[in-house]
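K.L.:
Here is how the chains run, residue by residue.
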Amino acid sequence: MPNDFALRIGTVNGTGSASANGLLMQAIFRMGIPVTGKNIFPSNIQGLPTWYEIRVSGDGWTARPAAIDMGVALNPATYARDAATVREDGWLLYDSSWPMDPKLARADLHLLGVPFGAICVESFTGDRERTLLRNMVYAGSIAALVGIDMAVIDGLLEERFGKKRALLEANFRAVRLGADYALAHFDCPLPFHLERMEATSDHVLLDGNTAAALGAVYAGATVGAWYPITPSTSLMESFGEFCRRWRVDPATKENRYCMIQAEDELSAAGIVIGAGWTGARAFTSTSGPGISLMEEFIGLAYYAEIPSVFVDVQRTGPSTGMPTRTQQGDLMAVVYASHGDTKHIALFPANPEECFTMMVQAFDLAERFQTPVFLVSDLDIGMNDWMCRRLQWDDAYRPDRGKVLGAAELERIERFSRYLDRDGDGIAARTLPGVHPKGAYFTRGSGHDKDAVYTEDADAYREVVDRIARKIAGAADAVPFPEVDAQEGAEIGIVSLGGCHAAMREAVATLRARGLAVDYLRVRGFPFDGVVGAFLRAHERCFVVEQNRDAQLRSLLAIETGVARDHMTPILDYGGLPLTAQFVVDEVTRRLAPAEEIALPATRAAAGAARVTA
Amino acid sequence: MPNDFALRIGTVNGTGSASANGLLMQAIFRMGIPVTGKNIFPSNIQGLPTWYEIRVSGDGWTARPAAIDMGVALNPATYARDAATVREDGWLLYDSSWPMDPKLARADLHLLGVPFGAICVESFTGDRERTLLRNMVYAGSIAALVGIDMAVIDGLLEERFGKKRALLEANFRAVRLGADYALAHFDCPLPFHLERMEATSDHVLLDGNTAAALGAVYAGATVGAWYPITPSTSLMESFGEFCRRWRVDPATKENRYCMIQAEDELSAAGIVIGAGWTGARAFTSTSGPGISLMEEFIGLAYYAEIPSVFVDVQRTGPSTGMPTRTQQGDLMAVVYASHGDTKHIALFPANPEECFTMMVQAFDLAERFQTPVFLVSDLDIGMNDWMCRRLQWDDAYRPDRGKVLGAAELERIERFSRYLDRDGDGIAARTLPGVHPKGAYFTRGSGHDKDAVYTEDADAYREVVDRIARKIAGAADAVPFPEVDAQEGAEIGIVSLGGCHAAMREAVATLRARGLAVDYLRVRGFPFDGVVGAFLRAHERCFVVEQNRDAQLRSLLAIETGVARDHMTPILDYGGLPLTAQFVVDEVTRRLAPAEEIALPATRAAAGAARVTA
Amino acid sequence: MTSIPKPPVRHPALQTNALGLTKRDYEGAMSTLCAGCGHDSVTAALVQTLFELDVVPHSAAKLSGIGCSAKTTAYFLRQSHGFNGVHGRMPSLATGAHAANRALVCIGVSGDGDSLSIGLGQLCHVIRRNVRMLYVLENNGVYGLTKGQFSASADVGSTSKRGEANAQPPIDPVQLALTLGATFVARGFSGDKTQLVPLLKAGLLHDGFALVDVISPCVSFNDHEGSTKSYRFTREHTHDIAPIELVPVRRRQSGIAAMADADGNGHRTGPGAAGFVTMPDGSLVRFRTVDDQYDPTDRNAAYAHVRALRDRGEVATGLIHVHEGAPSMHDASGTTKAPLVSLPYESLCPGSAALAELMDEMR
Amino acid sequence: MTSIPKPPVRHPALQTNALGLTKRDYEGAMSTLCAGCGHDSVTAALVQTLFELDVVPHSAAKLSGIGCSAKTTAYFLRQSHGFNGVHGRMPSLATGAHAANRALVCIGVSGDGDSLSIGLGQLCHVIRRNVRMLYVLENNGVYGLTKGQFSASADVGSTSKRGEANAQPPIDPVQLALTLGATFVARGFSGDKTQLVPLLKAGLLHDGFALVDVISPCVSFNDHEGSTKSYRFTREHTHDIAPIELVPVRRRQSGIAAMADADGNGHRTGPGAAGFVTMPDGSLVRFRTVDDQYDPTDRNAAYAHVRALRDRGEVATGLIHVHEGAPSMHDASGTTKAPLVSLPYESLCPGSAALAELMDEMR
Ligand SMILES: Cc1ncc(C[n+]2csc(CCOP(=O)(O)OP(=O)(O)O)c2C)c(N)n1
Ligand SMILES: Cc1ncc(C[n+]2csc(CCOP(=O)(O)OP(=O)(O)O)c2C)c(N)n1
Ligand code: SF4
Ligand code: SF4
Ligand SMILES: [Mg+2]
Ligand SMILES: [Mg+2]
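Protein chains in written order, with my numbering: chain Z, 349 to 962; chain G, 349 to 962; chain D, 268 to 630; chain H, 268 to 630.
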């Protein structure tokens, strides 16, 4: 059946293949066919192996593909691996400029050789140009093989190089050369191929970091401080681009924002907290190591009750780990960040669309609850190209500034007590510097009473921390409600979060198709809403699917909902690659199989699954 | 009954009262009577209220007293509070040099006025001398009132001032003046009083920080790096003193240790890890804020598998919190420190004696498991004067260096793989720099395979982190075994840890005396031994007693043993003062009382209890 | 809360400033520092500075880290917001506060441990960013609050109370700031208010980062014989290289000031002669240089001079370097003159149409 | 693993050093840096340095933080332990390694982001402690590994690939080190191996902290027109103020060196004349100063000279300052000459009798 296949292109990073891969993605998207791209790149600038996976799914599945129908092997260093990852009886496209490398030979594969190198040598001059255009040549061959409409490609090239005629010409030619060679030598399109659809018209291609940056702009954030770190860097860079586009006063050319590249993550956190203290919407974006460095400041913001937004674009840990691989390993580190008794509000977007909406919510929650709020994203969501619905904006939106006393109110009241719980919701009104002398108080991370006065008294101390605990507990009703997909009488319940969602949707559908009655709940915020515990209790057999080694989400569920740990079977994939539906389906099925078959521990199986796909 | 009472002395810090209070403590101890002292001091150098509580217990209870028999009010700023904290019909000693402050008047109290100030003005010259000796005068009065043997005091003064005759003289006189006035005006000793015993001969007066420092010296630690922070500072300072005493080469005067006062906690952690990497036993000592700052480095040591010892002398959090108050609020922060999947070995001493033994074990475990190990102490254990058994040392002890390949072994083997699990215990052999070319490998916190080679491959990455998980799990059998005090068929089980122990022992005895069959388990190490879970499952009604707001130990038990959260009722005291047996007894009884009485939530009750005692 | 009440800073009760406020209005909570602590004198100097410059109390933001010095922020300006952050990280908090609300009069108070040990990186970078703020470093050579360990500013050979001599070379915030391109660098002594107040005033008026290093003895742990940060030693070894006088814009306008007509920066000609620098608000800072060939507007000369004195065992004080006109953080990033916190949301949100347009580009 | 194999550093295959080792024995893993990256030339210079100084490969410890520069440590000395720590914290790891085993030849490699942004505090304090190590700062003005953001060493006006100009003043590690009292300060250029190798050699022999700042262009993000850290700009604007030659102790002993008899530090007399410094092992560092009145043993002069050149838009390179004889960390703390890791446990444990004695004191 058409529109249901996956390609995996193996090249060398820093050689310009990214734009060719993007071109293919976008062309398929323009043909109205649902498509997803996963970039599997090294933590290095030039010369190492890199892969790009394109999955076409007429049904609209956006998870990483479990099986590769056609491999494209353009990097001698990874020939063997590239050949190995193609499914049985699949196709393998390679550069036949030189005699075929035995590493590529796999009996069951359909080998498609195109002399990309030779073609470039013939048709173009200069090493640099040849290396670059080689990418366009293979793009052309692939286009012909899978049936991409050449007109669409031409259109895209026009948009890209329109002004630079010479470049445009060269790229046109390169694509044509690749396509023509394929058409001449293979019967195109291949059995799996494309057929125009109308399924993408109300969608866009977008990555989560760009979407989160947009969220910050639309939420009215004015201060952004960060220290560069993969995979979060592009978030702040996009924020800068959008600000240059929309936040420059047309008349005065003054900037309505202030971005500060800090000297490190501690400083970035301090800048955000300092700005939040004065009433600005401020945020930072980082990844695991940055979260560890911000721990002390996070505790200050929690205890001194200062609105601040932190984005954690998770990568594979621990420590430096694998900076260009994904994981959900910071869950515990984030929600209980810092020493002492702390608990933080966290939001778990599943895709770029939610990165946008939840980023806005993060600022509202931070100001309403006067506390740090975390947007917990990951490399897969943040940096990969997702097909998602067009982002919408409601012009009626106004920021929720929470309880802030202005000059007028202060003028009226008798006396201001910064940490007094007037309304019984655990949230005390705050004041901003520079507004009114009666609003003055002393902000501190040291022991303080309800008037913000330094204290070492047990009761005065406890009164404040008990209120903070009530305040944060109250946030459970304010964070995004869990997504629940349940049917009557299903006995199996699966809980997951964040980036697992794309694979989970598909896995649940597959399991149901196989006649298994499974319900699915995706937590979207922390502290958990009551329905999370209820869902777990309502199901006899529960699975918790997440991308870390230690079943961190399951731990959070055990602590926060009270459901016993062993009522929840962990399904863990933590090799650093985006989750596949296949993996979840296999794991669930395996666990449900009669006991004696359950030999293999989860981690091994995971390894097994990954071996096929990485 | 004699030898069973408590005093509370309220003075101004920085005025020299500490030495007078210590004198009283020590004198009682020398009389062979079990005694404990708790210093409740401000985070400030001079001029703020400070208290010293002395508890005398013939039965040998060492927990903080719940009731104060005699208050000593020497600080006008706290007269009201000082009068309020004395038990009904108790005694209150105050300075009658001036007309009595109405704040002191409490109908039921026996008021004992001694003109300390006036006496000093008469008998001594110079403000400084008068202020200092005033402390000795009240010490004298107290001595007379409770019946301290003057000969013992004289002996102690001799030891202290022996060389400085003039000082000695003055102190003698001051004590006598105070004593004589008391003897002349009140019928000494008071109903509660002292009677010589022989119960302290094999004990010493010792604080946990000093004991832990001794442990480091005896374990053979050579590198100590730290950044000063209350309440951990005295630990490293004692280490320095002991090293100057025992680690200076008599011949060359060279030091057999290297102490480095780092510029901050990040640096201190780095120094410890760098030293551990080269094979030295290195450690640092800090408190909550320092742990937060060390998070990133801790993750590196965990993933790169570098032996390192961290002492966390907990204080009241979050953030800067109350630096001179105690708490057990860092449990979660410590055992899961750093982003990504991590889990750390932790030891929980209950008293100075265990600070000594466990500090030695910490180094053995760190080298055996090649990982960071935490000694989790607190301000009460670390800085207060505890009566504990004389520390013993077995000269047969030799450090457990774990698996380290020397030059000879390296010479023999074919090829060294740093992270290869040869023995199946999850522990791979390491090598030290400078030993042998074949031992060379690259240590990194980035993704690595079993040969320590950089990797971004899912399987290679997982192979290493899975082994580390097995390694740490294996440590459950190596950490100190839980202390279990169980009887046949008790249905109530109480779990606690660390500094709560003194109060727990007493509380358990009291509850049993009241006919309640309770069992008690004290966890002493993490990861938990299997018996912990078994104990919880074996009891129908479980309580978890700890000194933090969020029931962190209970959370750890839920995550690690799988016992459902709600099977464990939390009993929490977190106002910053050492736990009292009374509080535990009241809480347990309250929870066991018929439902309708259980109105009051735990925290309130805690506040209530604290109101009486603080 | 203290039991040894110290009398508040003394002053003629009736004297008021242009805002009709008395000095009392510039004071804060009762100090809990040791009687005689240098920091309390710095507090007094700050109170006088703010009073005499007619600063609107609630327009100020006081920030500090942790330490005895950090507590200072609680002891002045009762009517403005204060922030005791975490140890050594005040510069980043101040940077954020100033980034969001540039209208605040940003005053940071720190200690030598706070600024030169744990906070050294942040200090260097806030200098580099030239964030507009007055940064007072209460320098006593020890960690007071943790009971007297040597700090990074302790001199080689200076002895602790226990008698141990410090072995590591000191970090001099003044030389460091000059090297990092600080635009205002001064040093005072808590024991010399006449010298300190004008320095604080000038620093407050400076359009950029103003470092005022104040030697502020710790009577409890570093005021003994053998200490090079004691009152006595400091009195004997400080050398004022550029005493200054501040001619506030008011007095200039009312024509009282000598050089009222002049503007721009005047450079001294002969030794001892006076030069002046015009502050952003139009006030004049007049300096008289006691040493030959010394001009505080010449960074390299200033550095050389400070080192030369140091090599002679003397500590340079006074206005060491000033450079008006260098871009401050907001200049460099072209931020709106209006504080960001004052911008209405409507001027920040691009709206649905802009988003739709962007979405079209993402296909 | 790379697919564009770069030829290993070329050299006459047969040449061996005093240990009978060839240069190959001093190489490491294949570089994964961009073809043409300055850092790879630094690696080559380090290989030559270690080879020519006859360093026993496994006696060295290589430490670094995180960054392209930090990867360098993997590309030389295959036979010694290497440590890629966390970003900006290598100085503390090196301090700990050296504290525990002073016999290790400690070599740290860092980048300008690693050392001057996140790691600035640690760099300053390792300098202050004078930890004996060679600290190579591969300075390219950008964060290479995170794709080209400006670092703290980027010059004002230097433009990014996207064309934006840097607005913040640069932090010059050389001036900083001189201000902090560093005992060995030099600067080289990855494009000039003849100058760099002797500097690295002298730094390695120095008894204390030796900073060698190496301008090491980033071809991927900072080698374009408009960058002040490009190969071209650096070639045109560097100025060698004190070219040196190292006379190894061997050659001295064998009487080849001119001043073999002399010892102590000789000070240059006339312009251009040569001076020399005796290194701890007896080797001589002979310097020829091209500028008048310049003497690398005079810290203040060195600082002034570097700034003067900088104000002329030139970058001073060569041996900028050296001061032998200042106490290193271990000197200051009186540690045993024998590495602490080599002390038998028996010499560290006071034993039961001592403990009993102590217990008696605690009653
Ligand atoms: C992260 C952290 N580490 C350590 C401390 C303990 N501490 C509090 S103040 C201080 C040093 C204060 O010295 P300084 O800044 O010179 O101020 P001073 O007390 O001398 O005025 C230290 C180490 C802390 N509060 N936080
Ligand atoms: C705590 C932390 N923050 C951020 C990063 C991301 N990061 C890796 S290298 C680097 C900067 C490298 O710049 P530099 O030190 O100059 O080395 P270069 O790549 O330029 O040689 C950054 C920001 C990290 N690894 N760790
Ligand atoms: S300890 Fe020192 S610095 Fe702190 S208050 Fe007392 S005198 Fe001041
Ligand atoms: S990015 Fe720059 S610094 Fe990094 S390897 Fe490439 S050239 Fe070198
Ligand atoms: Mg200080
Ligand atoms: Mg760089």
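No lab work stands behind these hints: they were computed from the structure.
Please note that the accuracy of each hint is not assured.
Unchecked claim - These stretches of chain H come out as covered by chain D in the derived footprint (C-beta under 8 Å, 3 or more residues):
(1) 411 to 422
(2) 446 to 455
(3) 565 to 571
Said to hold, decoys possible - Straight-line distance between alpha carbons at most 25 Å, and here's what the computed DSS-like set of lysine-lysine pairs gives:
(4) 428(H) / 512(Z)
(5) 604(D) / 601(Z)
(6) 428(H) / 601(G)
(7) 428(H) / 601(Z)
To be verified - Just so you have them, the derived chain Z footprint on chain H, three or more residues with Cβ under 8 Å:
(8) 293 to 302
(9) 350 to 357
(10) 458 to 469
Each residue gets a CB set at the ideal place from its N, CA and C atoms; glycine is no exception.
K.L.:
Each hint: holds or not?
P.N.:
Hint check results:
1. As drawn, the segment 411 to 422 of chain H meets chain D at 1 residues by the rule of a beta-carbon pair under 8 Å; below three, the given contact is violated.
2. Closer than 8 Å: that is the beta-carbon criterion, and the segment 446 to 455 of chain H has 3 residues meeting it against chain D, so the requirement of 3 holds.
3. By the rule of at least three residues with a Cβ nearer than 8 Å to a Cβ of chain D, the coverage given for the segment 565 to 571 of chain H holds, with 3 such residues.
4. The straight-line distance between the Cα atoms of residue 428(H) and residue 512(Z) is roughly 19 Å, inside the 25 Å bound, and the hint therefore holds.
5. Our distance criterion of 25 Å between C-alpha atoms is met by residue 604(D) and residue 601(Z), whose separation comes to about 11 Å.
6. With a CA separation close to 59 Å, the supplied pair residue 428(H) and residue 601(G) exceeds the 25 Å bound.
7. A C-alpha spacing of about 23 Å is found between residue 428(H) and residue 601(Z), which places the hinted pair at or below 25 Å, so the restraint holds.
8. Closer than 8 Å: that is the beta-carbon criterion, and the segment 293 to 302 of chain H has 4 residues meeting it against chain Z, so the requirement of 3 holds.
9. Only when three residues or more bring their CB closer than 8 Å to a CB of chain Z does the claim for the segment 350 to 357 of chain H stand; here the count is 4, and the claim holds.
10. Residues of the segment 458 to 469 of chain H lying with their CB closer than 8 Å to a CB of chain Z number 0, which falls below the three-residue condition for coverage.
When the structure is compared with the earlier hints, violations turn up for hints 1, 6, 10 and for no others.
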